[in-house]
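Residue numbers (our numbering), protein chains in the order written: chain A, 19 to 136; chain B, 25 to 139.
Be careful, since some hints might not be right.
Below, in silico cross-link-like pairs of lysine-lysine (DSSO-like), each with a Cα-Cα straight-line distance of 30 Å or less [unchecked claim]: (1) Lys73(A) <-> Lys88(A); (2) Lys114(A) <-> Lys89(B); (3) Lys91(A) <-> Lys89(B).
Treat the hints as calculated values from the structure; they're not laboratory data.
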Amino acid sequence: AQTVTQSQPEMSVQEAETVTLSCTYDTSENNYYLFWYKQPPSRQMILVIRQEAYKQQNATENRFSVNFQKAAKSFSLKISDSQLGDTAMYFCAFMKGTYGGATNKLIFGTGTLLAVQP
Amino acid sequence: EAQVTQNPRYLITVTGKKLTVTCSQNMNHEYMSWYRQDPGLGLRQIYYSMNVEVTDKGDVPEGYKVSRKEKRNFPLILESPSPNQTSLYFCASSLSGGGFHNEQFFGPGTRLTVL
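Construct all of the structure, not just a fragment, from the sequences and the given hints.
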């Protein structure tokens, strides 16, 4: 069974600085996807970034980037130039990459609560 | 606007009183799922559906039922709610499952309290 571990329950960062959130996962699959979701106080789940396991290049979306280490099964999220609006719970998630008959199941970590301080 | 809607957003009920949480998407997505979110546990899948009349259990299906009679709707039914079903519930949909078009769009969540 797949598992996702986020070992940092809470983190804090000063506005405009850079912060890295950690995520490790365990799987025997070779084809899969990894995601970071943001959940602000509104509780809405917002997709931040997605990485396909077969792609070696790390995904980036504006100020958000990942460090994907497939052999180490590590998928950290780096937020550059942190903004007050980045304050949220961040969830790392895993999905098997099965075509046809897939469960569409996301397996989530327990989350990291990030506070951006002014 | 492409979206997933859920109703109600908040619900307080009592043990044993049947309830339904509705979910609807306007994106013609095939896959739909229900998740529950609990502190310290993240989100866990309850049920999913690959298409009309095709549903299957996720990781925590006990105490829940679902149906998919129309492509756009995927209601979650609690026949006899219990306090351990107090949680934050999310509906999600995606164009397909497991492949490239697997981005899941989440509804706004339903906060359920069972007394």
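Against the structure, the hints come out as follows:
For the given pair, lysine 73(A) sits about 10 Å from lysine 88(A) by alpha-carbon distance, which is consistent with the 30 Å threshold. Restraint check for lysine 114(A) and lysine 89(B): satisfied, since their Cα atoms lie roughly 24 Å apart, inside the 30 Å limit. In summary, the hint linking lysine 91(A) to lysine 89(B) is not supported, as the alpha carbons are separated by about 35 Å, beyond the 30 Å threshold.
Going down the numbered hints, you'll see the structure goes against just number 3.
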